[in-house]
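Place chain B on chain A using the hints.
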Amino acid sequence: MNYHSDIKAKLKGSLTGLLALASLAVSTVQAEETVKVGVLHSLSGTMAISETSLRDVLLFTFDEINAAGGVMGKMIEPVVVDGASDWPLFAEKAEQLVAQDKTVVTFGCWTSVSRKSVLPVYEKYKNLLFYPVQYEGEEMSPNIFYTAEAVNQQAIPAVDYLLEEGYKKFYLIGTDYVYPQTTNLVLFEYLQSKGIPVESIGGGLRKDDDGNVISAGNYTPFGHSDFQQIVAEIKTFAASGDACVINTINGDANVPFFKEFAASGMTSDDCPVVSFSISEDEFRSLPAEDLIGHLGCWTYFMSIDSPENKKFIADFQAWLAATDVTGVVKEDRVTCSPMVLSYNGVYLWKAAVEKAGTFDPEAVMAALKEGVSFDGPAGTVTSQENHHLTKNVYIGETLETGQFSILESFENVEGEPFLKGTFK
Amino acid sequence: MNLSAVRQLFTLALLFAIGASISETAHADEAGTRALLVEIVHADGDDARQQLAMEGLAEEGDPIIGTFYEAYRSGNIFIKKVASSDSPLVLMKDNKDYTNLLTGESVTPSDELKPSRAGRGLRKDLKRLVDLLDLSSPDLEKRIAAADLLGKSQNPEYLPELKARLDKQTDEKVARAFREAIYICELKSGSDTEKLAAVKALGEMKSLPAKGFLETVAKEYETSTEPGARALRESTRKAIREIDDYQKIVGHIGTLFRGLSLGSVLLLVAYGLAITFGQMGVINMAHGEFIAIGGYTVYLIQNYFVNTFGVGSSAYEWYFVLSLPCAFLAAALAGALLEKGMIRFLYSRPLESLLATWGVSMILQQLFRLQFGAANVSVSAPQWLSGSYSFGGVSMSYSRIFLVAFAFLVIIVTWLLMNRTSWGLHVRATMQNRQMASSLGVPSGRVNMLTFAYGSGLAGLAGAFISQIGNVGPSMGQTYIVDSFMVVVVGGVGNLFGAALSSLGIGMVDQWLQPILGPVMGKISVLITIILFLQFKPGGLFPSRSRSLDD
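In the order they appear, the protein sequences are chains A and B.
Residues in the first sequence are numbered from 0 upward in steps of one, following numbering that gives the first Met the number 0.
Residues in the second sequence are numbered from 0 upward in steps of one, following numbering that gives the first Met the number 0.
Because the hints were derived from the structure by calculation, they are not lab data.
Glycine included, C-beta positions come from ideal geometry on N, C-alpha and C.
Just so you know, not all the hints are guaranteed correct.
Stated by the list, open to error - Taking lysine-lysine pairs in the DSBU-like style, the calculated list, with each CA pair at most 35 Å apart, reads: (1) Lys419(A) / Lys522(B); (2) Lys354(A) / Lys123(A); (3) Lys237(B) / Lys187(B); (4) Lys167(A) / Lys187(B); (5) Lys92(B) / Lys310(A); (6) Lys162(B) / Lys206(A); (7) Lys206(A) / Lys92(B); (8) Lys141(B) / Lys113(B); (9) Lys206(A) / Lys79(B); (10) Lys167(A) / Lys199(B); (11) Lys79(B) / Lys167(A); (12) Lys79(B) / Lys310(A); (13) Lys167(A) / Lys218(B); (14) Lys329(A) / Lys79(B); (15) Lys162(B) / Lys205(B); (16) Lys193(A) / Lys113(B); (17) Lys206(A) / Lys141(B); (18) Lys247(B) / Lys193(A); (19) Lys329(A) / Lys141(B); (20) Lys206(A) / Lys522(B); (21) Lys162(B) / Lys419(A); (22) Lys92(B) / Lys309(A); (23) Lys123(B) / Lys167(A).
As the list claims (entries may be wrong) - If we take Cβ atoms under 8 Å as the criterion, some of the chain B residues that face chain A in the derived model are: (24) Ser73; (25) Pro208; (26) Gly253; (27) Gly472; (28) Gln510.
As the list claims (entries may be wrong) - The following label-pair restraints were derived from C-beta to C-beta distances: (29) Thr307(B) / Asp241(A): 22 to 32 Å; (30) Asp241(A) / Phe390(B): 48 to 58 Å; (31) Glu351(B) / Pro220(A): 29 to 39 Å; (32) Pro220(A) / Arg368(B): 17 to 27 Å; (33) Gln50(B) / Ala66(A): 49 to 59 Å; (34) Ala66(A) / Glu351(B): 47 to 57 Å; (35) Arg175(B) / Glu137(A): 42 to 52 Å; (36) Asp207(A) / Ile515(B): 12 to 22 Å; (37) Asn385(A) / Pro114(B): 39 to 49 Å.
The shape of chain A in the complex, shown without the other chains (with noise of 0.2 Å):
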């Protein structure tokens, strides 16, 4: 008995041996054929809402990819790694990529604290970090590449917009963090710069010893859910006519927001409120009855109509229906600013590998300040020097059915990082 198990293990044993070798082989002549690429955002805690749909787009445009031949000749193999909504944690995943791993780049971040958290990282390690939602400026790393919307991108047309249509009056409201309070400080000194007076901008200041303006408008805390007092604020600022709300808040705490806003008896075509950061993706939880003729302003919506656009929700929709990947949800998705953005990079950075004929992040970083374009489902987006994106920009009110209508497109806006003091 004894022997005979002893044969068989000993059987067994050369046997893993054999195929361990055999899987080996395998996956040296695959590490050949591919390229590995990063994805890395939130797919579980509070952003896993709005990020986990980036991580869909992602996997999507790959298989695109690969399906037409790869990326001179290597297939993408995606490397996707959970920053759980942990902005210490998305530092450590980003270097697991890219030390561990071995990843030439990475498309990630949803917010700007975890894009500050990973920073250093890629940074040190001179890799790249692909960043694609709308955020505040004020940055340029050598080796992160913004195809995000610049504040000259959303905030600044958004302004021109309702400045054209006759409001005269500015109510600033947002969460308070970086990207809001940058936004309206920026805004504060565009407004300035187009004759608006101080006390046409509602939302009250905040000064330093020296007098200086450092904090313009009305900030709530995140996932704030009273907001009486400042929709009754709104109403008085708003009470002798022709103003508007510039809404820079994030998340779950624009329901209460429209649900105050809507009961107090104000409509879109008394005091129209634009938002930044409420997207199609968002109005999945959102009233859209309390949101008619609101506005609002990206560098796509879903209901562009173009070929390329059209092109674009028929492949994703078809990949979603046929995609195994676990944890995508299937029905009722939209599309978005910010999936478009991360698409078009993917497309940007394919580009940029072909022009630089490697893929060493600093040569595809290089290539891509020398400028790539691509023809996106938003237009074509060229890249610029200052690791920002050319590309459209388009306002629209919202519909009941949760789309905008576009009233408005400015064509081939630069995105512009800084912008602070630029008003003068």
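Coordinates of chain B only, in the frame set by chain A:
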């Protein structure tokens, strides 16, 4: 110019003739108005034609324009191609029924409907027209709103219309709105004497909307040396001061109401906990999830009503009334199950109850996510709960008023239950000494279960109300759990009256501090105040000796 264009121009001219002749004879003619509205939809994209039709409309005065504007605004106007004719039919959708806009007959829709949308500019014009028409609306509220808007436009063209109608207004509030509008108009276009009179009158009226316009006047005459400029300047400043003072009073009254309403939200979310934690001594971390159960119940019932009756139907209006008892029962049932299945084994071990219910809380949150998705769901308010009641510059939304009233109802009903029924006597006996009550024949097991269920049911009710003013989502309970414990602890554990008082107190303090310090610092200050308060009164407002503290 092709044939169809010529024909359309001809029809337009005809319509104009009809419109003009009718406005001379009778004021409103529905058929003419309808024809013009159809013309506006057909002329989509042709601004000049639309403008012509709009001018024609201004001659009409039919209330159908208001209905049309609402439908156009919310995407309920459709175009249906007709094979036999060049000009397509225009349909207006109301709830689920379609009517032919031209004839007013109801139509069964087919598949080839194309929605038609109004541009922003056209919509603004339409809104102005509707407002103008509302000046003679039988609805007094609408008449006031119309006068208010016309005044703010400061367009001298409206002055004759406003003045002519002022004498006919019998209602004091409406007459005031008309006078206010006239004065605001005159601030811009009147002569100096008219301006002076308007400034004085607006100051005496303490008109809030006029403040901005008065400031413009003050600026305009700041450096002027013309005769009379000085008098105007001074009375403008005086008027602004008067309005400012009045605005402060209004602000205080508004804050009082807002404090009351925030207090009522806190009271509703915390009252259930005041029973389960305060009275029974169970540290129930899953209390927030019972709130979410209430919220999701409203969501489900809303969806059921939308699918069965359609949005905007009269039956739909009642969904929220029905969902209140349902939310209560659903959460109460969940509470009873939790008590029977877990908490009754933990009465002597409060710390274990904390951990166990925390686990339950996470399980429930995950269940919500699996069932309803990670995103928040949207719940809309019925018509009778939307809108607000205005009173001398203070506006209170109906949903908040309803909420405050309901919070008081909850206090009264709970008090009656606890102090006027034999069940209440049993509850109080069991809470004081479980063994003793049991040995005297009180069915303490059942009393415990029912008390816990009642507390959980109140959380469900709170969730139902929150669905009207805030978010419904898997983690909505987390937003309120800390507040709930805060209220109960400040009020004094075991004292229901204390919980009521502390929730109103916290609500008031929060709303008073917010305008001064801003929402972020306001919230922090409230928490610091509570910490300091508990330093001096560790037992809360009404310290009581409950079993849970004796142990």
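Status of each hint after checking the structure:
{"no.": "1", "hint": "Lys419(A) / Lys522(B)", "in the structure": "holds, 30 Å"}
{"no.": "2", "hint": "Lys354(A) / Lys123(A)", "in the structure": "holds, 25 Å"}
{"no.": "3", "hint": "Lys237(B) / Lys187(B)", "in the structure": "holds, 18 Å"}
{"no.": "4", "hint": "Lys167(A) / Lys187(B)", "in the structure": "holds, 17 Å"}
{"no.": "5", "hint": "Lys92(B) / Lys310(A)", "in the structure": "holds, 32 Å"}
{"no.": "6", "hint": "Lys162(B) / Lys206(A)", "in the structure": "violated, 47 Å"}
{"no.": "7", "hint": "Lys206(A) / Lys92(B)", "in the structure": "violated, 53 Å"}
{"no.": "8", "hint": "Lys141(B) / Lys113(B)", "in the structure": "holds, 32 Å"}
{"no.": "9", "hint": "Lys206(A) / Lys79(B)", "in the structure": "violated, 59 Å"}
{"no.": "10", "hint": "Lys167(A) / Lys199(B)", "in the structure": "holds, 26 Å"}
{"no.": "11", "hint": "Lys79(B) / Lys167(A)", "in the structure": "violated, 40 Å"}
{"no.": "12", "hint": "Lys79(B) / Lys310(A)", "in the structure": "holds, 28 Å"}
{"no.": "13", "hint": "Lys167(A) / Lys218(B)", "in the structure": "holds, 16 Å"}
{"no.": "14", "hint": "Lys329(A) / Lys79(B)", "in the structure": "holds, 33 Å"}
{"no.": "15", "hint": "Lys162(B) / Lys205(B)", "in the structure": "holds, 20 Å"}
{"no.": "16", "hint": "Lys193(A) / Lys113(B)", "in the structure": "violated, 41 Å"}
{"no.": "17", "hint": "Lys206(A) / Lys141(B)", "in the structure": "violated, 43 Å"}
{"no.": "18", "hint": "Lys247(B) / Lys193(A)", "in the structure": "holds, 31 Å"}
{"no.": "19", "hint": "Lys329(A) / Lys141(B)", "in the structure": "violated, 46 Å"}
{"no.": "20", "hint": "Lys206(A) / Lys522(B)", "in the structure": "holds, 21 Å"}
{"no.": "21", "hint": "Lys162(B) / Lys419(A)", "in the structure": "violated, 50 Å"}
{"no.": "22", "hint": "Lys92(B) / Lys309(A)", "in the structure": "holds, 28 Å"}
{"no.": "23", "hint": "Lys123(B) / Lys167(A)", "in the structure": "holds, 16 Å"}
{"no.": "24", "hint": "Ser73", "in the structure": "holds, 6 Å"}
{"no.": "25", "hint": "Pro208", "in the structure": "holds, 4 Å"}
{"no.": "26", "hint": "Gly253", "in the structure": "holds, 5 Å"}
{"no.": "27", "hint": "Gly472", "in the structure": "holds, 7 Å"}
{"no.": "28", "hint": "Gln510", "in the structure": "holds, 6 Å"}
{"no.": "29", "hint": "Thr307(B) / Asp241(A): 22 to 32 Å", "in the structure": "violated, 44 Å"}
{"no.": "30", "hint": "Asp241(A) / Phe390(B): 48 to 58 Å", "in the structure": "violated, 25 Å"}
{"no.": "31", "hint": "Glu351(B) / Pro220(A): 29 to 39 Å", "in the structure": "holds, 33 Å"}
{"no.": "32", "hint": "Pro220(A) / Arg368(B): 17 to 27 Å", "in the structure": "holds, 24 Å"}
{"no.": "33", "hint": "Gln50(B) / Ala66(A): 49 to 59 Å", "in the structure": "holds, 53 Å"}
{"no.": "34", "hint": "Ala66(A) / Glu351(B): 47 to 57 Å", "in the structure": "holds, 56 Å"}
{"no.": "35", "hint": "Arg175(B) / Glu137(A): 42 to 52 Å", "in the structure": "holds, 51 Å"}
{"no.": "36", "hint": "Asp207(A) / Ile515(B): 12 to 22 Å", "in the structure": "holds, 20 Å"}
{"no.": "37", "hint": "Asn385(A) / Pro114(B): 39 to 49 Å", "in the structure": "holds, 42 Å"}
The structure fails to meet hints 6, 7, 9, 11, 16, 17, 19, 21, 29 and 30 from the earlier list, while all remaining hints are met.
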